[in-house]
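Trainee: With the sequences and hints as input, model every part of the structure.
2 protein chains.
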Amino acid sequence: MPLPFDKPAPWSAMIRQLVDVATGRKAADLVVKGARWVNVHSGEVVPDTDIAVSGGRFAYCGPDASHCIGKETQVIEAKGRHIVPGLCDAHMHVESGMVTVTEFCRAVIPHGTTSMFIDPHEIANVLGLPGVRLMHDEAIAMPTNVYVQMPSCVPSAPGLEHAGAELGSEEIAEAMAWPNIIGLGEVMDFPGVAANSNRMVGAVSATMEAGKTVGGHFASPVLDEMFHGYVAGGPADDHEGTRKEDAIARVRQGMKAMLRLGSAWYDVEAQIKAVTEDGIDPRNFILCTDDCHSGTLVNDGHMDRVVRHAIDCGLDPVIAIQMATLNTAEHFGLERELGSVTPGRSADFLLVSDLNKLTIDSVWSRGVKLAEDGAMAVNLPSYAYPASAKGTVNMAGDLAAQDFAISAPDNSATVTARVIGVVENQAPTKALEQILPVRDGLVEGEDGTCQIALVERHHATGKVVNAFVSGFGYDTPCAMASTVAHDSHHMIVVGTSREDMARAANRLREVGGGVTLFADGEEKAMVEMPIAGLMSDEPSSIVAAKAEKLVEAMAACGCNLNNAYMQHSLLALVVIPELRISDVGLVDVRTFEKVDLFL
Amino acid sequence: MPLPFDKPAPWSAMIRQLVDVATGRKAADLVVKGARWVNVHSGEVVPDTDIAVSGGRFAYCGPDASHCIGKETQVIEAKGRHIVPGLCDAHMHVESGMVTVTEFCRAVIPHGTTSMFIDPHEIANVLGLPGVRLMHDEAIAMPTNVYVQMPSCVPSAPGLEHAGAELGSEEIAEAMAWPNIIGLGEVMDFPGVAANSNRMVGAVSATMEAGKTVGGHFASPVLDEMFHGYVAGGPADDHEGTRKEDAIARVRQGMKAMLRLGSAWYDVEAQIKAVTEDGIDPRNFILCTDDCHSGTLVNDGHMDRVVRHAIDCGLDPVIAIQMATLNTAEHFGLERELGSVTPGRSADFLLVSDLNKLTIDSVWSRGVKLAEDGAMAVNLPSYAYPASAKGTVNMAGDLAAQDFAISAPDNSATVTARVIGVVENQAPTKALEQILPVRDGLVEGEDGTCQIALVERHHATGKVVNAFVSGFGYDTPCAMASTVAHDSHHMIVVGTSREDMARAANRLREVGGGVTLFADGEEKAMVEMPIAGLMSDEPSSIVAAKAEKLVEAMAACGCNLNNAYMQHSLLALVVIPELRISDVGLVDVRTFEKVDLFL
Chain A
-18 MPLPFDKPAP WSAMIRQLVD VATGRKAADL VVKGARWVNV HSGEVVPDTD IAVSGGRFAY
42 CGPDASHCIG KETQVIEAKG RHIVPGLCDA HMHVESGMVT VTEFCRAVIP HGTTSMFIDP
102 HEIANVLGLP GVRLMHDEAI AMPTNVYVQM PSCVPSAPGL EHAGAELGSE EIAEAMAWPN
162 IIGLGEVMDF PGVAANSNRM VGAVSATMEA GKTVGGHFAS PVLDEMFHGY VAGGPADDHE
222 GTRKEDAIAR VRQGMKAMLR LGSAWYDVEA QIKAVTEDGI DPRNFILCTD DCHSGTLVND
282 GHMDRVVRHA IDCGLDPVIA IQMATLNTAE HFGLERELGS VTPGRSADFL LVSDLNKLTI
342 DSVWSRGVKL AEDGAMAVNL PSYAYPASAK GTVNMAGDLA AQDFAISAPD NSATVTARVI
402 GVVENQAPTK ALEQILPVRD GLVEGEDGTC QIALVERHHA TGKVVNAFVS GFGYDTPCAM
462 ASTVAHDSHH MIVVGTSRED MARAANRLRE VGGGVTLFAD GEEKAMVEMP IAGLMSDEPS
522 SIVAAKAEKL VEAMAACGCN LNNAYMQHSL LALVVIPELR ISDVGLVDVR TFEKVDLFL
Chain B
-18 MPLPFDKPAP WSAMIRQLVD VATGRKAADL VVKGARWVNV HSGEVVPDTD IAVSGGRFAY
42 CGPDASHCIG KETQVIEAKG RHIVPGLCDA HMHVESGMVT VTEFCRAVIP HGTTSMFIDP
102 HEIANVLGLP GVRLMHDEAI AMPTNVYVQM PSCVPSAPGL EHAGAELGSE EIAEAMAWPN
162 IIGLGEVMDF PGVAANSNRM VGAVSATMEA GKTVGGHFAS PVLDEMFHGY VAGGPADDHE
222 GTRKEDAIAR VRQGMKAMLR LGSAWYDVEA QIKAVTEDGI DPRNFILCTD DCHSGTLVND
282 GHMDRVVRHA IDCGLDPVIA IQMATLNTAE HFGLERELGS VTPGRSADFL LVSDLNKLTI
342 DSVWSRGVKL AEDGAMAVNL PSYAYPASAK GTVNMAGDLA AQDFAISAPD NSATVTARVI
402 GVVENQAPTK ALEQILPVRD GLVEGEDGTC QIALVERHHA TGKVVNAFVS GFGYDTPCAM
462 ASTVAHDSHH MIVVGTSRED MARAANRLRE VGGGVTLFAD GEEKAMVEMP IAGLMSDEPS
522 SIVAAKAEKL VEAMAACGCN LNNAYMQHSL LALVVIPELR ISDVGLVDVR TFEKVDLFL
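Chains as they are written, first to last, in this note's numbering: chain A, -18 to 580; chain B, -18 to 580.
I should point out that these hints are in silico values taken from the structure, not numbers from a laboratory.
Just to be clear, a hint being listed does not mean it is correct.
The list treats identical chains as interchangeable, and a pair is accepted whether it falls inside one copy or across any two copies.
[Said to hold, decoys possible] Pairs of lysine-lysine, BS3-like flavour, derived with a Cα cap of 30 Å:
id	residue 1	residue 2
1	K52	K350
2	K7	K193
3	K254	K575
4	K14	K225
5	K338	K225
6	K60	K225
7	K411	K7
8	K(-12)	K530
9	K(-12)	K193
10	K338	K371
Mentor: So this is what it looks like as structure tokens:
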């Protein structure tokens, strides 16, 4: 019998064993008796079904597996519970949970997720191809299926920022030969695709030539020629739709509509009406999370939450489950490998006591019970990241308050400055203009506008880009710093006190990255993220508690935004309008041009 | 612009061109304006749709392709006609039409078939791997998509027959690297799969390792442990179901239910009720023909006939079309290559004036109009088979009447002989026993029983196996000989006159194979099949006319069976019960044992 966490041998190498078990010549490892079979192929619930498992794969699914039972066979009485395929998350970023792949698995397996398609593009921006390889190799060590989508757009906006690394089509072609690479991660540079940029054509064609799936990301509501050009450019799915018509448009073009419910994405309810109201064939719809914070994983769930939500939106439970199992497997060319409870497939399944509520009693992968009653039933060894993945906050030296000083031009008494306007509950910012006072030759924030700085942290250039931001509501001397700063992941510092800005930045340099908040000279909260400055190596429950403390500390400083930390970490995302900060300066994303701080 | 018959470059190599056309930077080769878009992804008919084609692939599908039109663009006004993806035949044998791949294409393209998945297992039994390669290479030369399934069971029953060649897992693994091999042809030896025979495990695992599709053929109505063993053994589809419960059982096991309407197979009507009555998800149903005679192709149609029939059985037309397009493409891993009218896919489509009747006005493949109003619009060059594919009737010499003489044992006046009992409209035969008279020391047929002989024709062994058959009804001195004799394709001669038996056999030796009927010493009909003794090199209309003349000649000799020629050609098929003839003797297929002629 294989070790519990080993990936099963390929079906091709297990034919004799599976046939022997199915025909009763050999005993199964595990038999589940008397289940209601949620059959995602036929779209039925088949009562009174027995399931036999051998070597981590289903060998027999039918009315009576008595002939598969031997002395050593573990027999489970389902007593009429539903047997459901393990859930798949078709597109997600582990880094959003601020934890490692291992800790992410530990958090989500009890929620029924047994297959993940992860796009490690955050670590790629910090560590390049070796960073992708680290998460790829950690993924292989997991007790369930974690496939990797090769990041396609590193950096996200060439010319407007310098990330820690760059990935070109050569790196992409190289990665396509790695064992756990399942395709290309979301092709975010949709203008580049529609314009036939060398970078995007190279990435997509290398993936197609490898026979793998090209992930999409068309983040515009305008379905004009650029959209049609994007489709012709090859992406096979898209999770950026938000409206019913977005889902319909994608499906009609032969793409899969990936409907997203993350911590901050609520894109299922509107789009699922394409199925429930318009009768569009559900086979081309796939559910995913994209980004989940640790708090969501700990408190609300993962793919179980998405499937429940889809059912709550009026979808038939079996169809909702198809969208998180078979449809996903088919999309990635894995229909014979996972995604259904049928012979030959990896024995990933859930025992569910209430199908409509998706009440998960136990979670099995590769024939091994991994979780029961919402808790892990096995111990996952923690995965040790090498030193090369740590100590990535590479600053030229400690900073001082004067590094954040913004000198006024021409001895003026006031200046008109461009200000990044944070908008509650929205990723886009506003490009504001504000008259700001000058004291002792330095421009100061006022009326809710405070300072923001981007601290270069990949190549120790010593560069600090200073600017202004409004909307956080800080009303005491404080500063928050984060090395999570999509997508280039320099360090973003936002503060009302230049002294605290320096303290926060230096503290992150000291611990190797994370998020910290200083007020009145004291550290009020800290989430250490030593791995690439993006991920903790602690369990998600601890990370969630620390993140909760951070939110409380922000509120204590006057911040009244719903998702203040997310807003903070997105301020350098120079692909979403309107005004952003990068290591090259302020960027107007409406025109994709660098602009001056002062008008 | 590529030559009309060239296969388009891969999508990966055409990204720039397709994107340029979709965005209007480059003119399309072809634009169809104002069509009703039968969208097999969404399951809708979308009105007022324009389609742009470039380099043989769809570049744009949407509300207005005006921006894709340039001076050289061919513009077609659809005037509200439906645009339907070209139809796919998911499993078929070209040899059943008695014509070459080229002539088969010439016959079926006007009926809307633009993708065929052919299993050349007849020629494989005669010529082995080189024979498969010949048809494979002819397939590549076609103006539309002809993929090849590598024959899996050559010979069909090792030990019970000697075919002209044998294919083992080494040959199968070799063929998997050929450009047009799409998977493994129907795995007919289902007892071998369930018994883990080395041959079947080797064939299936070689195909799985190549990442290709394993075709199934479980020809038993008993869905017991052997069925479950077969499923665990890897076949991914099955076209041998005949009842609704057969289709449901296969789909539940994660196989595709292939529903077959051939010249003599009527398996759609009963099984489609799984969808129309039981609400089984139609995505796992696929339509195919398996075997079509030239007469059917000429008079009734091909996949258009199957789709029409499915609609007549109560299926929604769009769902019926999905079963002959998208579902097939997905099954073979070709969803991004063909099977829908969407960007990137091969521009294979039909313009249809009546969707419910599937009235096909024109047929396009790779952006070229191949047929219009039921006739080819382009000239297909005939494909020259090499000398090695001809002259395959390799007998030791001419035969004489005495070669067909059956001596009675022991000077007896009568003998009790085993007789192959042909049953009207059924493939299985009966194992009969009959007391037959002896004249001049030779056993003679009477009361509707006549002689049958299997003449070894692959290796010039001179072997003639003589036996008796009943059911044909011949009542004059005559004999019919055929080198189509599934699956080993020796020569079968059935006759009431030993002289005519010899004449018919020698005539086939002379012409290199085919079917001929002699009566009273004269040739009454002949279908020459010089290619492997299985296929004519003439058009299917001529072959159909000759075959019709053959049927008339059989009737003139007293034969009153519906499908007399098919019955004749199946009498050596030693995998279907009950009694068959092979080059090793009489075979009782109930026990898979050789039996004596006399009891």
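Trainee: Now tell me if each hint is right for this structure.
Mentor: Comparing the hints with the structure gives:
In this homomeric assembly, K52 and K350 come within 30 Å of each other (Cα to Cα) only inside a single copy, at 19 Å, whereas the closest approach across copies is 65 Å. For the identical chains of this complex, K7 and K193 are inter-copy neighbours only, at 28 Å across copies versus 36 Å inside a copy, given an alpha-carbon limit of 30 Å. When the C-alpha separation of K254 and K575 is checked against a cutoff of 30 Å, the pair qualifies neither within a copy, at 40 Å, nor between copies, at 64 Å. In the homo-oligomer, the alpha carbons of K14 and K225 lie at most 30 Å apart only across protomers (26 Å), although the nearest pairing inside one protomer, at 41 Å, exceeds that limit.
Proximity of K338 to K225 under the C-alpha cut-off of 30 Å is restricted to the intra-copy arrangement: shortest distance 25 Å within a copy versus 32 Å between copies. For a Cα distance limit of 30 Å, the shortest separation of K60 from K225 across copies, 29 Å, qualifies, whereas the shortest one inside one copy, 40 Å, does not. In this assembly of identical chains, K411 and K7 lie within 30 Å of each other by CA distance neither inside one copy nor across copies; the values are 67 Å within and 36 Å between. Proximity of K(-12) and K530 under a CA criterion of 30 Å is satisfied in neither setting, with 38 Å inside one chain copy and 62 Å between copies.
Taking identical chains as interchangeable, the C-alpha atoms of K(-12) and K193 lie at most 30 Å apart whether they share a chain (21 Å) or sit on different chains (21 Å). Proximity of K338 and K371 under a CA criterion of 30 Å is satisfied in neither setting, with 42 Å inside one chain copy and 67 Å between copies.
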